[in-house]
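There are 4 protein chains.
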Amino acid sequence: MFRPFRPDRPAFLAEILDTLTERGRALLGGRTDVPLMAAPDLAQLAEVLLSRRGEAAGVALADSLGRAYAAAARDQRLAFLILLAEKFGPDPARATEAMNAVTHGQAGALDALHAASEPRRQELFRRINQAPGGTQILLQMRVDLLDALPEMPLLRPVNDDFVHLFASWFNRGFLSLRQIDWATPANILEKIIRYEAVHEIRNWDDLRNRLQPPDRRCYAFFHPQLPDEPLIFVEVALTTGTPAAIAPLLDLARQPIGAHEAATAVFYSISNTQRGLAGVSFGNFLIKQVVEVLRAELPQVQVFVTLSPVPGFARWLETMRRDETGQSLPAPLREALTGLDVPGWEKDPDRATAIGAALVPAAAFYFLSARDRRGRVLDPVARFHLGNGARLERLNPLGDLSPNGLRQSHGLMVNYRYALEDIERNHEAFAERGEVVASDPVRRALPAQMTS
Amino acid sequence: MFRPFRPDRPAFLAEILDTLTERGRALLGGRTDVPLMAAPDLAQLAEVLLSRRGEAAGVALADSLGRAYAAAARDQRLAFLILLAEKFGPDPARATEAMNAVTHGQAGALDALHAASEPRRQELFRRINQAPGGTQILLQMRVDLLDALPEMPLLRPVNDDFVHLFASWFNRGFLSLRQIDWATPANILEKIIRYEAVHEIRNWDDLRNRLQPPDRRCYAFFHPQLPDEPLIFVEVALTTGTPAAIAPLLDLARQPIGAHEAATAVFYSISNTQRGLAGVSFGNFLIKQVVEVLRAELPQVQVFVTLSPVPGFARWLETMRRDETGQSLPAPLREALTGLDVPGWEKDPDRATAIGAALVPAAAFYFLSARDRRGRVLDPVARFHLGNGARLERLNPLGDLSPNGLRQSHGLMVNYRYALEDIERNHEAFAERGEVVASDPVRRALPAQMTS
Amino acid sequence: MFRPFRPDRPAFLAEILDTLTERGRALLGGRTDVPLMAAPDLAQLAEVLLSRRGEAAGVALADSLGRAYAAAARDQRLAFLILLAEKFGPDPARATEAMNAVTHGQAGALDALHAASEPRRQELFRRINQAPGGTQILLQMRVDLLDALPEMPLLRPVNDDFVHLFASWFNRGFLSLRQIDWATPANILEKIIRYEAVHEIRNWDDLRNRLQPPDRRCYAFFHPQLPDEPLIFVEVALTTGTPAAIAPLLDLARQPIGAHEAATAVFYSISNTQRGLAGVSFGNFLIKQVVEVLRAELPQVQVFVTLSPVPGFARWLETMRRDETGQSLPAPLREALTGLDVPGWEKDPDRATAIGAALVPAAAFYFLSARDRRGRVLDPVARFHLGNGARLERLNPLGDLSPNGLRQSHGLMVNYRYALEDIERNHEAFAERGEVVASDPVRRALPAQMTS
Amino acid sequence: MFRPFRPDRPAFLAEILDTLTERGRALLGGRTDVPLMAAPDLAQLAEVLLSRRGEAAGVALADSLGRAYAAAARDQRLAFLILLAEKFGPDPARATEAMNAVTHGQAGALDALHAASEPRRQELFRRINQAPGGTQILLQMRVDLLDALPEMPLLRPVNDDFVHLFASWFNRGFLSLRQIDWATPANILEKIIRYEAVHEIRNWDDLRNRLQPPDRRCYAFFHPQLPDEPLIFVEVALTTGTPAAIAPLLDLARQPIGAHEAATAVFYSISNTQRGLAGVSFGNFLIKQVVEVLRAELPQVQVFVTLSPVPGFARWLETMRRDETGQSLPAPLREALTGLDVPGWEKDPDRATAIGAALVPAAAFYFLSARDRRGRVLDPVARFHLGNGARLERLNPLGDLSPNGLRQSHGLMVNYRYALEDIERNHEAFAERGEVVASDPVRRALPAQMTS
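Residue numbers (UniProt numbering), protein chains in the order written: chain A, 1 to 452; chain B, 1 to 452; chain C, 1 to 452; chain D, 1 to 452.
Check before you lean on any hint, since a few could be wrong.
Unchecked claim - Selected chain A positions facing chain B (in silico; Cβ < 7 Å):
1. P90
2. D111
3. H114
4. E118
5. Q130
6. P157
7. N171
8. R172
9. Q225
10. L226
What the hints assert, rightly or not - In silico SDA-like pairs for lysine to any residue, Cα to Cα no more than 25 Å straight-line:
11. K87(D) - D111(C)
12. K191(A) - P213(C)
13. K87(A) - A101(B)
14. K191(D) - R202(B)
15. K87(D) - N100(C)
16. K191(A) - L252(C)
17. K191(C) - T353(A)
18. K191(A) - R202(C)
19. K191(D) - L252(B)
20. K191(A) - D111(C)
21. K191(B) - A109(D)
These are computed hints drawn from the structure, not numbers from a lab.
It should be emphasised that the depicted structure is a prediction, and the values quoted were computed from it without experimental measurement.
We put the CB at the ideal spot given by N, CA and C, even for glycine.
Next up, chain A with everything else stripped away, as it sits in the complex:
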């Protein structure tokens, strides 16, 4: 490695850097018993990295700062993030000057305003990114920031800068789609196990059951800088028809079919893995590319649907049953839904059938008519798929009788359908007019007296 500084550097810096060198060695060797750097030192190092001196020391200095941040104590990291908010924003003098030029109608002034008002931390982040492992450090900073953000709104501009840079760096054009299968390296597979957020993968047998059979697929986006880190992945089942329940799909003992016997591809789980990339959206691109990949490989597969959870349904229904929403459930429905208060209702077939029948119109109302204060569809999963241009295809009561499924939606699951020829029209209806595109059966399930 380069020795990054000359002998006559200021004392404080010498100290910092001697420490750093030692820590560098220590970090590389896996030890953690090193003196830790405090936030002001980190900020000082950041200033050096932004200076002309930083240009020359280049990668070595960026590397030092990254390691020092990674090794710093939690409170010092947070203090450093606050310093980023307070001291590494736009240069006020430069911004003012640029604003004056605009005000005076100077030629090209408007074009120059953007560069002149760039927060200094954006350049800092770009320089940190030059070091090996820099991207990971920045993702870690963002995670630290997200932890603190709810309590510290002053960090919001720093957060915005992260989102801006990450959206540019993790541009869809830089991502590559890879299939995850049983020949994928174990260090990647264990991340699939860890990050699966929808239907927990209990162990390696469960994982294999989702990857190895001929009627199962999994695809992920990767970024070249993070070759062992799937950024987002989707699990797909190839089936003969649109499934109404999750348990049969995950059954370890089920009989697989041949891929060429399938007519339908079911996206039954989609999970993001990098919390540091929150706000940088990949799901839309992933689903659409997987549809294209599957169409090319299996032309006879014509139907692309999800089997999705309804995470907001039970909470909303609770408020409806308590009449807290100003809207009311028709009496027979309300009556039928009292069965939900009997623990274990889902195990009694008659009761379950009756409740299932009552959940359907309630769910139709939940999706088609209920809205939050900002006028939005209530369900976050619905917002994602409808925003992508999918259509709400079918309501499946008793679709997920796991404890989690019962808790969040009384077992309700739904299918969203991606019909390529309608995606853009659906998206526009939803995005511009808030219109939920749904199949006829879903529409007809809406009780006449409940159209809001």
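Assemble the complex: chain A is given as a structure, and chains B, C and D must be docked to it using the hints.
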């Protein structure tokens, strides 16, 4: 592919896109006999891509715009670039509002100014980049723009946006170093032949002679999005001492030495390949990483030098000899240099020796004392290496007696030395005080009466 | 695929092949409900494959035979193997002729004898191997044959032909060494779990604990034709000293050390995976190449030892204690060893210490002096390592207190040491004079009154 | 590396091996100024490698022998090959004993005869093959042997052993097909240039013209042990119809078509590269697999033909014209062919047309009726393709007007057609009945008075 638009789109767009589809097909098939799109249509397409509709159509629309640009006639491309300058800058209303907020001292207003004043074309470029091949299209746009820029200063802001985005996307952290050798794919090797800018590679035998012998190396940076395109490459000779002339290094008949017999690594050629990336600097990083790679592989190699051309020397010397600079050459020197006016002087050993001896003090002056109007060192290659922290090590008259070498520098070549422990100090001396760090022999070559 | 036969082929063959085609399709689709081929049909197909017609139909026919064998019922496979023994040996007429030529002293006759007496099944096996997957089919045939061999000595020549061909095809020059680590594909790792024969790998966490820590390694030989099948693998622990017990090495909670802190490499498990390759020996080559790899990577590692089980010890000791061998244990030893009859002795520290002390001289006798009827060292693991040129380094009572360890060797483990400079001398001493090379402590442990 | 021998080895061996070690080092360093080993020493080393000691020293000793052979002088290599023939054949005692057992009707004796009569050099070759680079050494030995064989028939048994082992090791199941294109490493491409045996590749532009256009393909077989050595390769042109001449296919200025516009695949050149593998046939397998690959990728390609030279035609025609064959050409034909004696006839259109018309019936006779003493078709290329089951499709006079084409066949080229559904029938007709399957036009071209 997605059908990107709904049926009721405006007629002109339908037309554009029908054309596009056809062109798409045609482009894929390699034909060019298709109706071409004019600049206003391209701009319209760009507007759609930036709209909400563009979000949904996503990659497909970006792809269409990219292909349409690539297929457009030269004048229409240029007209489109002008539209980018005129219509896709910052939104003035949004910028004004943000400026007002700053002026009124609104909390967070300064932080918001940057985003509010972003030229719309930056987001446009990011979206074009989402399509397969998008990066290549953007690089092509930049090349087109650079062709026109000298005549059309109004394109400068567009150029700035390109540089800004490319610097972020081609961040050193995203580049990977690869060795180029005789087992490298031919489609990459032919680019090495094509892009070598310093000492032309005449044919495949010449190329092999620079790659295959045990005492030759070549390294390049690659970006994951352009896997077959070396962005910059450096050619290295492993030698026993610091060479004073280029011809022996390139001699097809020379006897190679074993890599482990070498004491010196000579960077004898460094070439950028992507004109579209002009202004995004890789050379500094490349040289330093190659030094690290070689030190790890061949610890006995202790000296890292260049053998570099001096492209500005002959032109400068001409002005000196004409007394146009206000400085004058000592009379004996001036006298000795009249020999340069005798064609073929380099083939007469006595004459060549005499002239060589006279060129050395002149060159010392050229590097150490002569400056341009902005106070800068005259030689662009010197500015590059000195700016990287290298030291001017040795002046080699008669180092390159090729027609090109004679034309640009009367055969003079120089060595710059990269001594890792001095790089930062050298860089700072040069960058902050304009000081040229040179070896003692070079300093001593400066005629006493010529210190400026 | 080629249609391998012409329309006017004999009826029986048409039938066989129609069936085959159907089965082919079925096999590819994963179904097994197909009419099965009987042994005489398989033999008929083999005759065709050996005929001139077989030359032309080539790969397709070989493929058909392979699939038909794989799909055949167990008894028909066995019947086919018997036909291979009876009908596909050397051609008696050709062999006799060649023998006559030798007898008459014909020039070159001796050289020709070998080819003339080649069993026809060798060519058959070579032709089967031309088909994709042919190698796997042949390995399966061998497994089937090994199952039957003890009962059917007439299969021995077929077995010999397999060994001969496999030894040639799986020549060490065709094998490649690959490290198995946590980035290895899961479909290979699950084979490591399945085939570990010495210390069972209980689950994926156990596996990771043997692959991922910086002081653990695993290496395997692969054949290009079986890229997902490790043929043999060895698990290695990097330690500071020679370990005396297995449990601490496998402990999930242990603290790893850095690879560069290690002084010793411990081969604690070596397992073959392909029963079909029984008799083709890789272990010797594997250990020696891993030693070379580790020496290159970690020059400070100077000691290469095993930590090995002693599978024959308990059984032998039982016979000794019953005085069945004609040799007798010294009385104090015999007395001390009665403790072995107390269940759970290993959990009582005093008792365990006493028994351990008594096991050492018994073990020294077992290795150094006891021999089987053919005069061989009794322990198969000892024969392997001593035959490779290793030295018996240390006896470790209480080295493996798992149920299996107690059962086979009352917990005894041993270290064999591979000292490269002695390997050849050790090998020769063992191979030519049956001499067991052992360290001084092991020699001294041998009770004076027990030298046989 | 292992030190392969113990200190008390016999003096001569110590000397040999000391030398070897030095040479080993020297070879690795690329020098050749080392003492060379004589044939008896090589043979002694071979004996050691075959001994029990060889087992232990294993790879290291095999490596030494390989290097010593590679470094030996030409005459010593040849002397060593003679020693292989004389001293490393079957063990006469062992063979005699096995023969006696057969004669006495001993059970299993016939099965044992093969192993007992194996030439000792087969095991020697297998052991040499264990060393890195062993395969290459053996291929070199074979080349040396082939050079000497015509003069030294006593080497034939050694040659047979090579063929036997190579046929087993280079079994089609172990080969992999790879496409050669413009992204193939240059070190492989230069071998394509060097080994092209049919239509010389003049330079890298000529090569690119055969690889890069969308209507050109090249495929080769590789063996895992020789990853940079194509064993055999075929060049393919995708065309709309069956071509009658080679020049348009190789024209650097021609306009390519899209691969999906092609209806015909033309195998216009097939070349073996490894002289050491002479007698181990790959061509049949290569053509058939390439047909399968192309059918899968380009289903609209329905016709697979060659455009082949006729290397024996001019020589045969000469003898016919001299009436040396006992058969005679019909007078008008003979008359027309006198035009061949006019140098430059091919440049005179009228003359060329007339001669072309006369060459066709002569060629029909050459292929369909003329036979050599052993009753075989005269043309070696015809024997290859007809033996593979192809059909003689068309005679193309004036197909190759290059000097070489004129010399060997007066410009005649032919197409052989591979129609998969007929391959086996054609092969059988040719192999069993010597019948040349030809198209109707070819048959009709045979002059009535010349049916032999």
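H114(A) as chain B interface residue, shortest Cβ-Cβ below 7 Å: With a minimum Cβ separation of about 4 Å from chain B (threshold 7 Å), the hint on H114(A) holds.
25 Å limit on alpha-carbon distance, applied to hinted pair K191(B) and A109(D): Judged against 25 Å, a Cα distance of about 67 Å means the pair is violated.
Restraint check for K87(D) with N100(C), where alpha carbons must lie at most 25 Å apart: 22 Å, holds
Per-residue hint verdict: L226(A), partner chain B, C-beta under 7 Å: Status violated, d = 11 Å.
Interface hint for D111(A), Cβ within 7 Å of any Cβ on chain B: 4 Å, holds
Q225(A) as an interface hint toward chain B, with CB separation required under 7 Å: 6 Å, holds
Holds or violated: K191(A) to L252(C), with C-alpha atoms at most 25 Å apart: 20 Å, holds
Given hint T353(A) paired with K191(C) - CA-CA distance at most 25 Å: Distance ~46 Å between K191(C) and T353(A) Cα, so the pair is violated.
Hint check, E118(A) versus chain B [nearest Cβ-Cβ separation less than 7 Å]: 5 Å, holds
Distance restraint between K191(A) and P213(C), which requires alpha-carbon spacing of 25 Å or less: 18 Å, holds
Hint validity - R172(A) Cβ closer than 7 Å to any chain B Cβ: 4 Å, holds
Satisfaction of hint between D111(C) and K87(D), Cα-Cα up to 25 Å: Given that 25 Å is the threshold and the Cα spacing comes to 11 Å, the pair holds.
Hints 10, 17, 20 and 21, counting from the list given before, are not met by this structure.
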